[in-house]
Structure formats: structure tokens, C-alpha cells
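Using the sequences provided together with the hints, build the complete structure.
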Amino acid sequence: MATAANPRKRLRSVSPASSVASGATSLRGSTPLPVASSAIFAPGLFDKAAQYHAQHASSRPYKHCIIDELVSDTLLRRVRREITTQLHFTPKETDIYKLHQTGDLLNISGLSFRDRGKLSALRSLRDSMYSSEFRAFITEICDCGPLSGLKQDMSINCYVKGSHLLTHDDVIGSRRVSYILYLPDPEDKDCGIEDVHGRNLGWDPAWGGALRLYEIDAKGAPKAEWNKVVPPAWNQLTFFVVQPGVSFHDVEEVVFDKPRLAISGWFHLPQKGEDGYIEGLQESLNLESSRAALADAAAAAAAGLGELPSPALKGISNFSRGTDSTYMTLTQQDIEYLSVTINPKYLDVNTILKSRDEFVDLSLLELDGVLNDEFATKLRDYIEDLEKSPVPVSVSDAAKLKSEWRVSRPPHKHRYLYIEPSRESEPSTPIQQLAAVVGSRQFSKWLMSITGVAELTHSRILARRFRQGLDYTLATTSLNLVDENGTASIDNDGDASGGLLEGTLCITPSIGWDEGEFGGYELYMDDGATNDEQPEQKNDQEHRHSDDDENDPAVYLSGSRSKRRKELEQLRAEAKLSVGDDGSATTCEGQANVDELFDDSDDDEEAEESAGDSVLLTSQAKWNVLTIVYRDPGVLKFVKYVSQNAPGSRWDVTGEWKPTPTHNSREEAAVSDSD
Amino acid sequence: MGQKNSFGLLIYIQSPFGRKYLNSLSDHTNPFHMSTKRTGPQGLAKSAKRRKVANEDPLTVEQETIELPEDVDPEDELGQLYALHSGYLKSTKESPKLLYAIVHECDRQLRNSKTVLPPKFHKVYAEALSMLSVFAKKKKSKSTPVASGEQSAASSADSPEDFLLASIERAQIGLEAYPEAIDILLVRCETYTALVELKLKNSAKSKNVEGCVSAIQNATKDYDAALKLLMELQQKLTEEGKKDKEDAKGDADEEITPEHLVKVLRRISKVLETTLESDFIAERFPDLYTWNEGRWAAQLHDAPEDKFLHRGLGEFYLARAYPYVATVESQFEEDNSDSEDVELDRQPSSIALEQAKQFLSKSLKHLYAAESEEDDGAFLAVIAEAQISLANLESDEDKQNRLYAEAIQRLLKAQELGAGDFTDMINELQNA
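The listed protein sequences derive, respectively, from chains A and B.
Going by my numbering, the letters in the first sequence line up with residues 1 to 675, in that order.
Going by my numbering, the letters in the second sequence line up with residues 1 to 432, in that order.
No wet-lab data here; the hints were simulated from the structure.
Note that CB positions come from ideal geometry on N, CA and C, so glycine has one too.
One or more of the hints may lead you astray.
To be verified - Below, simulated DSSO-like cross-link-like pairs (lysine-lysine); rule was C-alpha separation at most 30 angstroms, straight line:
id, chain 1, residue 1, chain 2, residue 2
1, B, K221, B, K365
2, A, K354, B, K49
3, B, K201, A, K151
4, A, K378, A, K400
5, B, K221, B, K236
6, B, K362, B, K399
7, A, K48, A, K63
8, B, K93, B, K221
9, A, K622, A, K388
10, B, K49, A, K622
11, B, K52, A, K622
12, B, K307, B, K236
13, B, K52, A, K354
14, A, K161, A, K622
15, A, K63, A, K272
Said to hold, decoys possible - Here are the simulated distance ranges between beta carbons:
id, chain 1, residue 1, chain 2, residue 2, range
16, B, N401, A, A206, 58 to 64 angstroms
17, B, E428, A, D73, 31 to 37 angstroms
18, B, F135, A, A295, 52 to 58 angstroms
19, B, F135, A, E215, 55 to 61 angstroms
20, A, D73, B, A298, 54 to 60 angstroms
21, B, R284, A, G280, 30 to 36 angstroms
22, A, L150, B, V134, 36 to 42 angstroms
23, A, L150, B, F135, 36 to 42 angstroms
Structure follows, in C-alpha cells:
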């Protein structure tokens, strides 16, 4: 240090009550050290651009690049030390991920001198990664055009046991290149994995947490399973150009009790005022991407690569419309048919009338023990036997095992095994039998009786199995459902109600799901658009670019609305993970410190309150419980990813029934007349 | 099952609109028959919203009688308003009710008045709005700030910032009518300062530190304008004698004094000290700090023995030293801890060291001058901190030891006075 001073005593600051003292006593802070990029990055990194360019060009399933040693080992260790001693991580969970995350590292600039000093290495790393030199390096490797130095988008994620991130393509706003820099513990003695120089890579691939890339069958149609696995490794940077409908990836669940620490983020398109900025480019790319996604989906469907199972609702057969009273009336014969599987309690007229009143009021019924004992026992034995048998993991496995179960797709919407009830052949297994009953006209009539919904015209029934470590559905509204021709939105009829009657009969025999820790729960939430007016019809692509997605690095494409997703993530943020000493320095009132900056607690409280309002229903995986919901247009629904550590698969039979278009509008008119 | 299909029941079905509609099942002779006229379920989200609304408590209207002093003329509406305002200032200020009453009354008089309202009216209105910000909800609503005096500020502004902006706007309207109203200028000056305090408080998340600059600049302009007017007023009073005093003051019944201005200056100074924690303002707007230093110095020039002024300037210099101290300290730490980081370039710190020492020395000069027997422990701890900070940078060992020794004495006394537990610090100083 170039100074004449040679302080003999280095003293801790005191914390007097005086407000000024907090400024006066902050002697341990530091300004960020200006560090040259050349000192930050690994020696010779920039000389290898051509080599990485070749690696990128030849990579599959889509172009990506892996740099084994990005920055100076010394610096990265300092970064890791700062992260683990100075920052708080907030647990976050939505339909698509479960992880611990800090705030946006852009906020470092807003810190005080003192607090910024605590993160000086992190700031140096961030500034270097967004330096013109490094951005040019990335551009050269990827041929992706200029990148913004102004718009920096970086956060720190910590995946612990059970954390995961499901399939998405990262397309939001102006994102151009996605990257992830891994910081597992390079001193972890449990990790026996070393690089060619004998250095500990800090992470054993058996612990999970790998980045997995998906091949596509067609644009917008990723295969159900990944085909490239990139396990974390100390100081390894992986990046790829964000490509709509192509760059699908996920992060495997961490299955071992180790923290998988990483810095991830995006390089964005040049912003206004920067070199390479093109007026309207982002908007046109977004629009193009939305249109392309629709075209891609249509092309994939035409090529037989569309969504499985089909989202189309089919006309309910054998209903003789018109004046025939049996059309809407539950007859004695119907009751006898249903009583083979359904608990007699729920076929009793008093129960039905009571339930109907409840449903009319709440639009929700939860019927416990809906299957009668005899059938329930038979079904349970059958499912428990299946749990003990080999589980088909992939589409090819299912074929090899000659399983009756099919694998759903695409994985950026859902993945599970399913059976559709056959109208041609007799059901051969208890689960097929149950699906057939739920899909029967008798069951529809019983639903009408018990819910008060007047007429049901279309339906879709599925028996589903959500396998551990694999399966989920991501949040969608019912607006993406189509009619049986597969072309038009089911709600394009101008109906003021436009809702769906939905029922899920959960038949999960294993226990231990009650806390939701292993996922597998079905959740409904209000997207905020539900009001007395018909929500604006939007397709998934439009949802993607609406709201504040662009400003939320944690929001990914899944066909849901971002606002509620953000609330959802906060709802489940029940506790904070402190990963180290929070520092004891005092701060002036009105000035945030490191902990406040990266601690969302205030926001959490507000968001939790808000999310508490917006979550309408959470149904944990259970045995023999039927949940019936009248789902308003725009209400989001998903089944949470089932953890590798779950006690078993989640099993259910689920159905969607479309009421007549005039169902509620006609009734509301009647009410209005009565007024 | 054996259920009969004919019950002839009358049932009530709860409508989502809160009414009950009689529905006769006997018409259809089947309980399972679904009439299309029956009100069906409305949907999960709508039902949840309806229940939420139903569960909310009806609005309770609390009425309170506010008593005015007996000497207030019941026919003098302005007098009543001022009495309300004065009553609030003398109260414990724990409830916003009186402030709402003042704003409501201001609104009413503004609508009904057929004459030009006096400057004090605008001052009272602006000040009440500004003080209401303390009670406003933290969360900012989407409502727009008050755009004109015709609107009810209390009902349309409901975040702290909304109230402050409404106050500034009200003061602006008053100043357009009375450009030389010192009291309105000072209310606006303090409101700008309060706005900066609010922004700084939220700056970590909103990253809006730069948004503070214009508000600080506005506060300094108002302060200077008020100071100039006050000096002119004092000059005028001196020259013309007391007979014109009432004319000069207009209808303001509280005289603005230099002490009042010093209190406002101290508040601005505290805000500027806080901004020194972020380099954005400190580096780009050095004039603000020069301004502050100049105003303190000017006040001290007029009252060189004033301990309050010395304390204010001393604390300001201490804050000014802080960024330089932090820079030097960080490099001390780097030298001592990360010897392996030799490849990292370092910024020469000699300039920072000199600046730090200079500001700390200036600070101590004024803090010593402000010290008195009646000081609270917290102020003694502040002086001790300045001494320790300077000692840490001192290369002369004798000076350094002397500063540490004096700091120990002050910390011991501060501890006795209950300002905190400094035992560890004192032990460290004594044993090092």
C-alpha cells in the first residue's frame, strides 16, 4: 500500500446510538478495487476464442459452449467466500423451480461504500463479465452479434437437496445469451472428481444438479427426455444463445445434501444508446418469436409431434340432447352403474343436495373416500403392485415394457405417464376401469347433480402417474384447451362465464406428502385477471411477454402468467437460509446494507400476503379424495414436480368438463331479471 | 340405492349476489334435475373474492369531537384552522386524526373562500400534508398525487411520497401567490428533505439514489431563498424599528428565527451525510457538500461560540471523511489478509489517506468545540470514534497513542452515561 501510515492498531468500530457515528465508525468497509480484466480471467482465456468457437459450432443438441476454467482461481475463491459469508439466500418455489436465490447482483452498485467492500470480488467478477472485452469474446464464440454492457442480469442460485428447475427455453425480453458459472466447494472432501490437473471439481455428478439440454423434434417441440448432461464443476462456465423454440434445458434435481452454488444470468441485446442497438429489434424479435411459436406449434401438430395427450375436449357421447329428461336427470340405473365404484354416501340425495349448495357457494368440493371400499381395495392393490414394478423412464422404455402408459409431452408444459379411457375396448385394469367410469355419461350426470352445473357437453379424462424425479405439469390457464377439431379455443364462443368443471380423483397410496416437501400437490391460483369481465384471450406466447417478465430473471416460459408466479414463489418462501455471518456493521437509517439489499423480507411479506390471496386451492397427494372445482377462465393450475425423494409416484384420474356456453350467463341474466 | 326421485322439496340456493332464490324441485319431481334457471357456481376465483368481500368488516366511521381553545372566535374559520394546527404541534403527534381534520378543513375553505387566502393558510395546509406522510402506508398505491387544491388530498394521496408531493405542490401554489413567504419556503424545504430521506430509505431496492439529487438541490435553493429573505427582514426591522414588524411578517404569528433555519440546515446536512454512503451523489455532485459546508461556516461566522453549530459541522466533516477512510481501510485489510492476491491491481491510496486525515482533523476541531459537560454519551462516543479513526491513520505513534487514550476516556464516560457497552473496544484499545 502506498502510504506513509503504518497503523499500529486496527480497531473494530463501536456502535454508538448517534446516527452520525454509523458513518464515522464504518472503518472496515472498502471501495471496490479496480481490477484489470486480464487479472480476473484464467490465463490465456482470450487466446482460445477460435477453439471455443469450434466447440460451440459442433455442439449438440443445440449450440452451446463449456469453458472449464473461466476466471482466476484465487478470485473465484474470494467470490465464493463473499457469497457464503455475506449474502442471504431466499428459498423460492414456483411450478417450474425450487431453489434459493439472492437478489439481482446489479444491486451491488446501490450499496454503501462499506457494504460494497464486502462484495468487492463479486463486483469485480460481475464488471469483468460484462466488460466489452469479455462480451466481444462471447460474441466471437457464438456469432450472436453485439451484447449489452448496460443491461446486466446476474444472480446467485443455491440448489440444495430437492432443488430443481424444469424445462424452458429462456426466451424472455431482450435475452441473447444464457450463462451459468459454477461455484461448488472446491475443497469438498466428499467429491472425488478431479480435472486433468488433479484439481478437485467440487461436485460429483451423482449428486444431481446437472444442466440438461433437450433435442427438439421440431421447433417448439422438445423431446420428452434430455440428451445432453453437463454436470457442475468448479470454475466452469456454460453458455448458449437463447433460441425461441430450440434452447430447451432444465436443471436436474439435486439429490444429495450438498449446496450447488452457481452464478447465472443473461447477456442482453444492446440497449438504447449502446453500440449495436437497433431501434425496434427487441420488439420485432419478440413479436416474431410469438408468431413463430404459434406457427411452430401448428407445424409440429401437423407432423404428428403435437402435444400429448391432446388438449382437445371431446363431445360427451350418448347424451341425447333435446327434450329427453334422462339427458339431465340422474336415474336409478345411473346410480346403480356408479355404485360399483362410488361410495354410496355420495350417491345419497341428501349428500348430493348438501354438496350442491356448498359447491354453488364455493365452486369447490373435496370428497374424501369417494370410491367404495371394495373397489378402492382392488385399485390400491393394483397401484401398489405397479409401484414395485420397473418404472418406464423414457418413451422407449415404455415401448420396451409394453406398458399401457404413454409419456406426455412437450416437457416445457408437462411430463407424466398417462392412459386415456378407451371407448372401444373394455377396461382391463382397475385404473382403466376407474378412468372409464369417470369418463362415462353417468358420472357426468352425477357431477351435474352434485355441482349444480346445468349441462356438460365436452370432456377430457386421463389417468396419470407422476414419477419421482421426472414428472410435473406447469401452470396454465384453461384457455389453451381446444375443441375436438383441435383448432379453436374452447372459450372463443364469447361466453361470459367460459369456465371449466374439473375433477381430480387422487389415488396416491403412499403416505408422507402432507407437507408438500416432495411436491406432487395440485395447486390452483388466481392470475389476477379473474373478474366479472371476460379476460382477454391470450395464447401462451403472449403471456410470456406480458407483465414484468422482462424484469424478473427468475421467470421462465411455461405458458403461465408471470405476476402470479412471482407471488407464488414468495408464498412458499417461508424461511430464509442464512449461509453465513451477516456482518455486524451498523448502518445509517435510510441506507441499506448488504443483508437488506439481498434480503427480500419486506417484499416477501407483501407478496406472501398477496399470494395468500391468490392461491385458491392446494391439494396434497392423497388416497381416494375427489376434488371438484369450477375453474374460472384465467385461473392457473399445475401439479408440482415430484421429487426424487418422494415416497412414491403421485397417481390420479383427472377430468375436465365443458359446460354449455350459456351456463352462467343465462343464470346471471335470470338473477338480473329477478332484481 | 333405492332413492326416490320425487321429493317435492323447497330449497333455497344461495346466490353469489347475497340473495336467496326459491327453487322448487317439485316442478321437476327430481332432485337431480338441473334447471338452467338456477344460479350455478361462479368459479373458484370469483367465489373466493366474494367470500373475502363478505368477510371484510364494514367500514367503521369514528367520530371525534375536537375542542378548540376558548379564545378562538367561532366565526373566524381561519382562526379555528390555525388553532387546530397549533393544537397538533403541541400534541404528542401520535395520531393523524387532527392532521386529517386540518387537511379536510383546508380543502373546505379552499373551495368556499371568496377572498384570497393568506400565506399562513398555505403553510398550514402544506405542513399538514407533509406531516401526514409519517402516518401514510408504506406501500405505494396506484392513486395519483393531488393535482389541484380542488381535490381532497387526504383521500387521494395515500403513500408517504404522495403526501410529500402533495405538500410540495400546495407550497408551490402558496409561493406563487406569496413568493416571499419564508414560512412556506421552509415548509417546502423540509418537505423536499423528507422526500430525500424517504428515497434514501428505499434506495437499496428501488436503486433510486440519483432521484434524490434534484430534491436535495431544491431543498438547498429554498433554504437559501429563506435565508436571504430572513436577512432582509432582519435588516428591515433593524432599520425601521419595531413598528413595521407586523407588516413585514404578514399574518404569520410565529416568527421565523435564525435558529429555525439552523434546524432545517441540520436536517439537510444529515441527509447529505447519508448520501456519502453511496458514491453516486458524492462523486457527481460535490457542490452539494461544498454548499453545506459553506452554510455551516456562515452560521458559525455569526455565532462562533455556538456549540450546536460546531457539532453540526463536526459531524458533517466526519461523514465527509468516511469514504476516504473506507478506501484506506480496505487496502489495509487486503494487505493483511489476501497476500496471495498479488495479481490484483491496487489504486494508490495516498490521496485518500490525506483526504481522510484532513476531514477527520477538521471534524475533531469542531467536535471538541461542541463538547460540553452536559453532553450525552452518544456524542462522546462520536468524538471517540473520530479520534480512533484518525489514530488508525496516524503514522506518528505519539499522536496515535494520545488519540487512543483520549478516546478511551470518552468511551468510558459514554458507557457510564448509558450510551452503550464499549467494554470490548476499550479493552482492545488498552491491550493493543
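**Prompt:** For which of the previously enumerated hints does the structure constitute a violation, in increasing order of number?
**Reply:** No numbers; nothing is violated.
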